[in-house]
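Peer 1: The residues making up each chain are set out below.
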Amino acid sequence: MFNKHARRNTLSLMLALVGMNAYAVEEDKDFDAGGKLLLTGGVSQLEGSAGGGLTPWAVIGGYGTADEIGANAFYTRVNTGSYHLDDAGVMVGFYNRVELSFAQQRFNTEQVGGLLGLGDGFTFKQNVIGLKVRVAGDLVVDSDSLMPQISVGLQHKKNNQAGVLAFIGAKDDSGTDFYLTATKLFLADGLLLNGTVRFTKANQIGILGFGGDKNDSYKPQLELSAAYLLSPQWAVGAEYRMKPNNLGIAKEDDWFDVFVAYAPNKHVSFTVAYADLGNVVIKDNQRGVYASVQVGF
Amino acid sequence: MKKLIQYASLVSLLLLAFQSPVSYAQVATGQQDEIPAEEDIQADDVDAADTEEPATPNTASASANPAPAYPELLPVYRQFGEEAGLVKLMDVFMEKLLLDPRMRPFFENADQAKVKKHLVEQFCVILGGPCQYSGRDMKSSHAMLGIDRANFNALVEDLQWAMNKQGIPFRAQNKLLAKLAPMHREIETK
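Protein chains in written order, with this note's numbering: chain A, 1 to 297; chain B, 1 to 190.
Any given hint could be a false lead.
One-sided excerpt, in silico: chain B residues whose CB lies under 7 Å from chain A [as the list claims (entries may be wrong)]:
(1) 149
(2) 153
(3) 170
(4) 174
(5) 175
(6) 177
(7) 178
(8) 182
(9) 184
To be clear, the hints were calculated from the coordinates, so they are not data collected in a lab.
Ideal Cβ placement from N, Cα and C applies to all residues, glycine included.
Using the sequences provided together with the hints, build the complete structure.
Peer 2: Have a look at this one:
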């Protein structure tokens, strides 16, 4: 199912993950990275915001605290069977208050593109600009109350295939998602829970445009994450992302994943997930490996 | 490749299955602050005394009282090696603080022996141990130091490093840190 390129890509990420483990043993504390604790900045989610893999969290990306600026860059690869997604971006966190992000998603239709008459390897490209503001709470230190860290954000998306999107029934080639997100770390148990409500018109997060023949209004979608900290460096978890169903010709399913994240230090983290994306256009049961690397400055 | 995917998913699911249920149960019952000792899967030597209903600590006082006692953390106290273990921990911790350029300015001119003694007493009391805290409250003892969140977190990192060095289990570490973290409200002045 996977082309050679995809296989090599995923494997090299996994090898890097194993390699970094040995490196971490030798690595002592580095004193110059920002003031947040390891892994408490989350990783980069699909649209470039700090969070889990699929959903944004209330955390502000980067390891900067109140008087610091932190920055991250990420590369994510998802192989689902019939398709693959290359996703890269950068984010900057200002004073643990504001997060600005940019991501570019390239969704390759592989042979499905040929079946649909678009040509093998036809690719949808989407740019996402994100803004997130922390409005209340602190993830780590409010450990004596149920108060979560709460943020609001938006993700503005622009797809480069307006013609194809119009043909399949999408109403627009750009759109803006708005979300409210709350993240609670139960420090004593090492358990992190996140809930996000996203208002969106996006079809397959915007890869298939915005709005459609079945629906063209904003719908609230629930996104949930749970992560368990095994050590300061390792976390495992699961995520769920509800999706709208706006297009008559292409049924859209909710997304799930289970993941392992590893941050040997504040400059790098790796996430490997097994994701179930359900039906995507004409292909059911799109499941596969999600691999992501993030570097921080 | 299919095999690899199946394997990866299986490993992830197994990790989840092993690690999560206890925590989920605790969250579901809203007991993250008053977890009965017998639920602590890391507690290897739970004796009869620990299975009694723990006294409910006044969580509101955690921010004002520098050394609130949590009798239900007695198994964690044992995981720290009791008072002798805490004394060793503070030796390692102080050494680390003095090596850390972020922390050194706060400690190099302090009475280090006294700071260590007070930290041993404070951690001992918090973990339900038979100690008396003889130090000052958090607000007055940190008022002149100009500590911000980055300083506070840097100290937590050095403490985590020292606890790892002493082989204290991650879950036990986090149970202590969860009691210490709210003190940022008195300690940080910037």
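Peer 1: Could you run down the list of hints and mark each one as holding or not?
Peer 2: Hint check:
Annotation: residue 149(B) was flagged as interfacial toward chain A, and the flag holds, the nearest CB pair being 4 Å apart, inside 7 Å. Contact between residue 153(B) and chain A, as hinted, is supported at the beta carbon level, the nearest pair being about 5 Å apart and thus within 7 Å. The interface hint given for residue 170(B) is met, as the beta carbon of that residue sits about 5 Å from the closest beta carbon of chain A, less than 7 Å. Interface restraint check for residue 174(B): the shortest CB-CB distance to chain A comes to about 5 Å, inside 7 Å, so the restraint holds.
Because the closest C-beta pair between residue 175(B) and chain A is about 5 Å apart, less than 7 Å, the hint holds. Among the interface hints, the one on residue 177(B) holds; its C-beta lies about 6 Å from the nearest C-beta in chain A, closer than the 7 Å criterion. For residue 178(B), the suggested interface contact is upheld, since its CB lies about 4 Å from the closest CB of chain A, less than 7 Å. Interface hint status for residue 182(B): upheld, as the beta-carbon distance to the closest one in chain A is roughly 4 Å, under 7 Å.
Satisfaction of the interface hint for residue 184(B) is found here, the shortest Cβ-Cβ separation to chain A being roughly 5 Å, below the 7 Å cut-off.
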